[in-house]
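J.: Starting from the structure of chain E, add chain X where the hints point.
So the protein sequences, as listed, match chains E and X. Quick note on my numbering: the first sequence kicks off at 1 and runs consecutively. Quick note on my numbering: the second sequence kicks off at 565 and runs consecutively.
Hints are supplied without guarantee of correctness; some may be wrong.
As the list claims (entries may be wrong) - Partner residues are not named here, just some residues of chain E that face chain X (Cβ under 10 Å, in silico):
| id | residue |
| --- | --- |
| 1 | Glu107 |
| 2 | Tyr204 |
| 3 | Lys239 |
| 4 | Asp241 |
| 5 | Val242 |
| 6 | Lys245 |
| 7 | His247 |
| 8 | Tyr250 |
| 9 | His253 |
| 10 | Lys267 |
| 11 | Ser376 |
| 12 | Val377 |
| 13 | Gly378 |
| 14 | Pro379 |
| 15 | Leu386 |
Hints in this document: simulated from the structure, not taken from any laboratory. Each residue gets a CB set at the ideal place from its N, CA and C atoms; glycine is no exception.
Each chain, letter by letter, is given below.
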Amino acid sequence: MTVGFLMLCHTALERAAQVARFWAESGAPVVIHVDSRAPRHEVEALHRRVSDLDTISFSARHACEWGTWSLVAATIDAAQQMLDRHPEVRHVFLASGACLPLRPLAELEAYLAVHPDTDFIESVTVADVGWTVGGIDTERFTLRFPFSWRRNRRLFDGYVRLQRRFGFRRNPPAGLVPHLGSQWWCLTRRTLDDILSDPRRKEYDRYFKRVWIPDESYFQSLTRLHARCVDSRSLTLVKFDVRGKPHIFYDDHLELLRRSNCFVARKIWPRADRLYDTFLSPRPAIGTAEPDTATIGRLFDHAAERRTRGRPGLYMQSRFPRQDHENGKTAAPYSVFQGFTELFPEFCGWLSRQAAGRVHGHLFSPERVEFAGGASVGPGCLTDSLPLRDYNPRAFLTNLIWNDRSARQCFMLSPRDTQPLNWFLATDPNAQISVVTGAWAVRLFRARRPFAQIRREAARLQRLETQQLGVLRSGYVKARVRIWTLSEFVENPTEPLQTILEEVGVRNPRQLLTPPQMVDLTGFGGFLQELRNRGMQPRLMGDFPAPGGWRSPGGAVSGEGEGS
Amino acid sequence: MGAFHDLRLAIGARAKRQRLLLRAYRSRHDLAAVRDRTAAIRPDTLLLFATMRNESVRLPYFLRHYRKMGIGHFLIVDNDSTDGTAAMLAAEPDVSLWRSGASYRASRFGMDWINHLLRRYGSGHWCLTVDADELLTIPHRDTRDLRDLTGWLDARGVPMMAALMLDLYPRGALSGAVCPPGTDPATVLNWFDADNYTWEFQPRFRNISIRGGVRRRVFFADTPENAPHLHKVPLIRWNRRYAYVSSTHVALPRRLNAGFDARLSLPTGVLLHDKFLDQIIAKSRDEKLRGEHFTHAARYDGYYDALIADPVLWNADSQQMTDWRGLETLGLMSRGAWC
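So here's chain E without its partners, still in its complex pose (with noise of 0.2 Å):
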């Protein structure tokens, strides 16, 4: 009882030498099919390097084609002589020249002893893989495909056009079911011959010659036909990434290979001596343990979504989204806060000491950039200069989220700053914006400047702030948006700044929240009538009284200095 092995080879065929001599060695017979498009030197050297060694033989030449017929009728041929010439073996095993056995002969028989009636071959119906890469699956089995995939991309995709175009279909050969899988498979000897005597051969030749990669169906379709015990698995270790092309293996992967316990693994590397020496070495055949694909699977499907998907809010050269395609626009929450520094001088310094978070003034202040701690050089050595600020706003402000996500990043803004980034704010899930409408009112009221200049610039605050909250109240927000009018929020300070708090993170949540210390607003409500009479409406303050009528909570009194 043993197993045989077939072996198709294209390249690096001294690769190809070692592996097979280490099978026949093992007691295992090898059938080799040389890719007739090899250069003359090199399959002579193969010839060479395994004439000592009678059990192993050279199948018929075929010049191999990925996706085409070829590769079965190659496979056909070898499996024949196989079967021929050595009637001791029980399984046969195709192989590629770029396979390499991971563990012992020994180990491999053994396995196969415990189940002698099983066919391992991947084997699914077309409606049920996932996999296919390149948008013709149903169809492989029901076009034509006579032109090179390789050679003839433009002739090969438009006869698929044409055929789609005309309705063109064709069908499988009565009784037989299309299935697909992968084409590295372990057979039993008796399903094989039963697949190669089978009297329709020729009806089901036919028919494959023109289905597309029949290497993937043919072999699996025709098993459902015979076989008396399918498990549907390869024990060929083999990965796709997501262009639907094999990961190769190379010398650091060892670990993993030795991890997964599967009996073969391809694509291996010519140049990966390490893996060659190490799994083509002579060792004591202990292992009983079952193949794992499905951890090795795991671990490059892990790493594969990283590198395709990127990481979230990275905007890295080597990661260049399409935009509206990133995978998150930003790496971390952060929050965003407008009006409060106008209604509390103090604000940031408050923030910072009773919340977990890296609280900036107002970054994209027109004057400078007021990183944490007045700092020139922020996280990731950003820079405070305003001209690479505004070169690209929208790097500047993931980069900073990017670099310092481990610290939840607070921000102030106000229609006074450059707001290049409504959209994207706005946009944004990660961001939580809570605006104090028409605060900036504060600001002039406290100002000492003529009073046409402050006319002058309320309207052109109060035009800026109208636009944005256009896009805060618009029907494309994900940023968690909060607005409150001016009147509301003084009324009732506390309750506001202990959820946005709460939001950031407390520092000390058990202490009672002492909210910090407002403006005065007497004579406020004066302020907003002098403008009305000057003939400019402000309309985002919310409800003042007239003159003289209000005083703010708590009899708050504060007029030192101007807003930090």
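T.: Chain X only, in chain E's frame:
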């Protein structure tokens, strides 16, 4: 961007490429062969192309680094060195050397010469084009080299690999960054700016422009539009119809500039830029006078003055160099689908 506009850009790019190839062909007279060992190049040899001037300090490690990465033959143009660079190069068994006394600037900073050599000797080969102060590092650098990488790219029919240029600097003042010949400059220059980079897509050549790093932070903070570009396509499987446009930042045809496009899941490299060794101070004095290094030389006087003043480029947010995994974690390099 409309299809019509893009068609115009494509036609423009094609005309540009043909002009560049013509320039390269004409510049062949500038080059005099000193040692021509190109007969030793085999069909699968990896080639390295460079223009050098007074690089005797960096040269020994440069050659060692790239030999270890799998480069089989170096094709180098010596632009009037006076410090023995030419003699050192001529003595190496795997170097072919040309000499040129013509103007570096007039030859588009050596790119005409390089384009000519690439066309003549590079066609069909994987060609790495770098400066003497650029040391390429790639994903899996400790276990795989450029032969492994190019084999993988070949299997996918991908003709190039893009790389980010990462400016390294010392912990202290530049004058303290002394690197004895033959040692790895990264032992002296082991700090960099981790994340102050910005990218933008440039439709003209369909490349992704990257700027940032220490040079923009320190020298170009007020004129970001003059800051140096950091994207490069140093590794290309050359074809006689290809041409580099400006340094190795951009190549034509335009499809060669797609290396940073995340949708393709390609591996990218990092060019460790060891410009800021102590010699930069003396060289800046020299270059300021020669004016051979920038198209608008006067714009860069301030840059040279700042360097001559021996600045400290390091600050508390600088990142210390570890290995390729560190660069990948920071997102400066990607293994793409080359897992």
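J.: Checking hints one by one. Is Pro379 of chain E an interface residue toward chain X, by the C-beta closer than 10 Å rule?
T.: holds (6 Å)
J.: When the nearest CB of chain X is found for Lys239 of chain E, is that gap smaller than 10 Å?
T.: holds (8 Å)
J.: Can we keep the Tyr250 of chain E interface hint, with Cβ of chain X closer than 10 Å?
T.: holds (6 Å)
J.: Does the interface hint hold: is His247 of chain E within less than 10 Å of chain X, judged Cβ to Cβ?
T.: holds (6 Å)
J.: With a cut-off of 10 Å on the beta carbons, see whether Lys267 of chain E makes it to chain X.
T.: holds (9 Å)
J.: Hint validation: Val377 of chain E versus chain X, beta carbon distance must be below 10 Å. Holds or violated?
T.: holds (5 Å)
J.: Would you check whether His253 of chain E satisfies its interface hint, that is, whether its CB is within less than 10 Å of any CB in chain X?
T.: holds (8 Å)
J.: Taking 10 Å as the limit, does the beta-carbon of Gly378 of chain E come near enough to a beta-carbon in chain X?
T.: holds (7 Å)
J.: Let me know if the C-beta of Ser376 of chain E comes in closer than 10 Å to any C-beta of chain X, holds or violated.
T.: At about 9 Å, which falls below the 10 Å cut-off, the nearest Cβ of chain X leaves the hint on Ser376 of chain E intact, so it holds.
J.: Grab the minimum C-beta distance from Tyr204 of chain E to chain X and call the hint holds if it beats 10 Å, violated otherwise.
T.: violated (32 Å)
J.: Hold the hint about Leu386 of chain E up to the distance rule: shortest CB distance to chain X must be less than 10 Å.
T.: At about 8 Å, which falls below the 10 Å cut-off, the nearest Cβ of chain X leaves the hint on Leu386 of chain E intact, so it holds.
J.: Can Val242 of chain E be said to touch chain X, with a Cβ gap under 10 Å?
T.: holds (6 Å)
Violated hints for the displayed structure, listed by number in ascending order: 1, 2.
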